[in-house]
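Chemist: Sequence:
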Amino acid sequence: MMRSAVVLLLLALLTACSSRGPDLKDLEKLMDSYAIAVRWGDLDGAYEFVDPKTREARPMSAVERERLRQVQVAGYEVKRSAMIDPERMRQVVEIRLVNRHTQVERIVVDSQVWRWDAPLKRWWLESGLYDPTAAR
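If you read the sequence shown in the working numbering, its first letter stands for residue 691, the second for the next number, and so on.
If you are wondering where the hints come from, they were derived from the structure by calculation, not from laboratory data.
DSBU-like cross-link-like pairs, simulated, lysine-lysine; straight-line CA separation at most 30 Å:
#, residue 1, residue 2
1, Lys743, Lys719
2, Lys769, Lys743
3, Lys715, Lys769
4, Lys719, Lys811
5, Lys715, Lys811
6, Lys743, Lys715
7, Lys719, Lys769
8, Lys769, Lys811
9, Lys811, Lys743
This one's a predicted model, so the numbers in the text were calculated from it and none came from an experiment.
Could you build the full structure based on these sequences and the hints that come with them?
Modeler: Put into structure tokens, the structure is as follows:
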């Protein structure tokens, strides 16, 4: 609960400080905050970074939520990132997961797309949360 509050506070501060167009330093800080939420297993905190449009179009099911709860993040490594256009960034991340029940480790590759929301002056994770069942 405390981690969620810290992540949300950081998110609010980053949003408040962003009074101009897209700033890559702001995006970098936001992606770092998202990575911390994922590493600590703060599912609710990580979900707050997801674009509201994505949440509305593809709400997280109970099954998806349970799959994410069954894994412990053992590693989160950014492999590459590049601007798609001035208001979109793609970041490829390798996430090492350990199944809490079997203790088997697997690696998933998460291709994230971050979108600048000009009216709200903030970045959103447009691609949604990572899929713990995705093949490498």
